[in-house]
Amino acid sequence: MSDVRFTKDHEWIRVEGDTATVGISEYAQEQLGDVVFVELPTVGADVEAGGDAAVVESVKAASEVYAPIAGKIVEVNDDLEATPGLVNESAEDEGWFWRMEISDTDELEELMSAGDYKAFLEGLD
Amino acid sequence: MSQDLNKTPLYDLHAELGAKFVPFAGYAMPVQYAAGILKEHLHTREGAGLFDVSHMGQVRLTAPDAAAQLEGLVPGDITALAAGEMRYTMFTNDRGGVLDDLMVTRRDDDVFLVVNAGCKDQDIALLRDALGTAAVAYDEDRALLALQGPGAVAALARHASDVARLAFMNAAAVEIAGVKAWVSRSGYTGEDGFEISVAHDDADGLARTLLAEPEVEAVGLGARDSLRLEAGLCLYGNDLTPEITPVEAGLTWTISKRRRAAGGFPGDAVIQAQIADGPTRRRVGIQPSGRAPARAHTPVMVGETPIGEITSGGFGPSVGGPVAMGYVDRAHAKAGTEIELDIRGKRHAAAVVKMPFAPHRYAK
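As they're listed, the protein sequences go chains W and F. Residue 44 in this note's numbering sits at position 44 of the first sequence, with consecutive numbering throughout. With positions in the second sequence counted from 1, the corresponding number in this note's numbering is that position plus 1000.
Careful, some of the hints might be misleading.
If you want the ones that stay clear, here's a sample from chain F, every Cβ over 10 Å from chain W, calculated [stated by the list, open to error]:
#1 Pro1064
#2 Gly1084
#3 Tyr1088
#4 Met1103
#5 Ala1157
#6 Met1169
#7 Ala1199
#8 Gly1222
#9 Tyr1236
#10 Pro1317
#11 Pro1322
#12 Tyr1362
Cut-off 27 Å, straight-line C-alpha distance, at most; resulting in silico cross-link-like pairs (DSS-like, lysine-lysine) [said to hold, decoys possible]:
#13 Lys72(W) to Lys1039(F)
#14 Lys118(W) to Lys1020(F)
#15 Lys8(W) to Lys1020(F)
Honestly, the hints are just simulated from the structure, not real lab data. Where is the CB? At the ideal position from N, CA and C, for every residue including glycine.
Work out the full structure, taking the sequences as your base and the hints as a guide.
This is the structure in C-alpha cells:
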C-alpha cells in the first residue's frame, strides 16, 4: 500500500518502502500550461527538504521544483527528456520526476495527505 | 485579478472562452485560452489566430504637417509615405536609444500611430510636447484586433472582400460585416494578416463574427510572444530599451537613405556614427543546441568571458525547440559563431544564427 503526500508548493511524493517517487501535482501542471523542458537532478545527488531539485519549464516561464523531504536521488525519469509533455498528460503518474532514498521518515509527517491537499487547493481559489 | 486593472472591450468574451488572465501594462489580458499556448501558436501558423491588442495605444496626429513634425522624434521616413502606407519606426532619445517602437500610417486627414501599451502615456506626453496638445488625439475608445496567419485573408475577405487587395504594410478604411473599421495588412507574428481598429462598442460583435469563421481561433498574449520571437521581432522592454539603439538592434533598415544623411531626429549623431563605423554590439539570433530554453538575462559566454546577454528566449513551438535572441559583442556576432549560455550556473552550447527562426510569410 503506497501513501501519497503533497507539499504546499504542489509536489507529490509517493512512498514505497525505503524509497519515494516525486513529481508535481495535477493542479501544478494545469497552472504551468504546456511543459516543454524538465531539468532533472543528478542521480546520486543529496537534496534537502524544501531545497531546489529540478526545474520545469512551460512555454512562458521556468519554475523550481523542490524536494519534499531530504534524501539521495536514486533514479530520474529519462522519458521527460524526449517527452516533457508527459507532465501535462500524467502529472501524478507517468510524469514523475525522480525517485529518492528517504533520509528521515519523520519529514513525511509534515506533508499533506491527499484530502488535506484538496482542502488546501480549495482555499487558494 | 485585481480590481485596479483596466479591461478591454473583449474582456467578457475572453472569460467566456476560458482565458487565463494576467496583468499586462495595467490591463487584465488573456495570456492563453483553453487550448493553451502551444496549440494557439501552431494554429496561428496553420490557420488564423485572433488576438486582442486593444491595450495598445492608438494615437492620431492631426496637424497638417504632422508627418514632418513626427520626423523630429523618429528616424523613420514618414514624409515619404503616401496616404494608406505604413511604416515601422521608433521614438529615440538623445543617445540614440529607443523609447518605444511603433507603427505609423499616413492617412488622408491625419497620421495614425499604434504604440506599445506600457509606453503610451510617455509617448503621448512626448508627442504633445513636440507637436502641441491639440494636435495629438489619443483614441481611448478604439479597440484593436489582430487577425494573423495564412487563413486570415480568406476569413476576413468573407466579410470585406476589399481586404484581399491590400498590400503588405498598407491600410484602408473598410466596412466589415457592417462595422466601420480601419484595417492594415500587418502584424507581429511573421505571418500574413491584419490589424483591425474599431470603436469599443463594435469590438465584441466583430470578434465573435471572426471567431465564427472556420479558420479562426482566439489566441492569447503567450502565443503572441512566442510567434514574434520565432519571427525575430523585438519586444519593447526586452530587446529594445532606452540604452539600445536601432543600429545595435539590427533595425537600420527602418532608416531611409535620406534620413541617414540628413539626421534631424533625437540621437542622430550617435546613430549616424554607428551606421558608419558599425555598433560595438549587435542583436543576434541564438540557437541553443540542447533542449533547455534560455530566458531573458541568460549570460552569453565565450570561454570565461561574458560577451553578451539574452534579451528574449524560450520555446519555439513551430521550431520544436528553444530559440532566443540577444545582444553580443560585434566580434562574436557572425552567424555560425559557437557560444555558451550560462543557464542556472550550468553551461549549455549554442550558436549565433540568422533570424527569423520561422520564415516570414507576409503577403507579397
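If we take the beta carbon of Gly1084(F), is the closest beta carbon in chain W still more than 10 Å away?
holds, 36 Å
Cβ separation check - Ala1199(F) to all of chain W, threshold 10 Å:
holds, 32 Å
Check whether the Cα positions of Lys72(W) and Lys1039(F) lie no farther apart than 27 Å.
Violated, at roughly 38 Å.
Check the non-interface label on Tyr1236(F): least C-beta distance to chain W beyond 10 Å or not.
Since the minimum Cβ distance to chain W is about 18 Å, Tyr1236(F) lies beyond 10 Å and the statement holds.
Decide if the proposed pair is consistent with the structure: Lys118(W) and Lys1020(F), CA atoms, cutoff 27 Å inclusive.
holds, 21 Å
Determine whether the non-interface label on Ala1157(F) survives the test: each CB of chain W must be over 10 Å from its CB.
At roughly 31 Å from the nearest Cβ of chain W, Ala1157(F) sits farther out than 10 Å, so the non-interface label holds.
Lys8(W) and Lys1020(F) were given as a pair; does the straight-line alpha-carbon distance stay at or below 27 Å?
holds, 22 Å
Please confirm whether Met1169(F) is truly not at the interface, meaning its C-beta sits more than 10 Å away from all C-beta atoms of chain W.
Met1169(F) clear of chain W: closest Cβ-Cβ about 29 Å, beyond 10 Å.
Whether Gly1222(F) stays farther than 10 Å from all C-beta atoms of chain W, as the label says:
Given a closest Cβ separation of 6 Å, the condition is violated.
Could you let me know if the closest chain W CB is still more than 10 Å away from the CB of Pro1322(F)?
Incorrect as stated: the minimum Cβ-Cβ distance to chain W is 7 Å, not above 10 Å.
Please verify that the nearest CB of chain W lies beyond 10 Å from Pro1317(F)'s CB.
The assertion about Pro1317(F) is violated, with a minimum of 7 Å to chain W.
Tyr1362(F) clear of chain W by more than 10 Å, beta carbon to beta carbon?
holds, 24 Å
Going through the hint list in order, the structure does not satisfy hints 8, 10, 11, 13.
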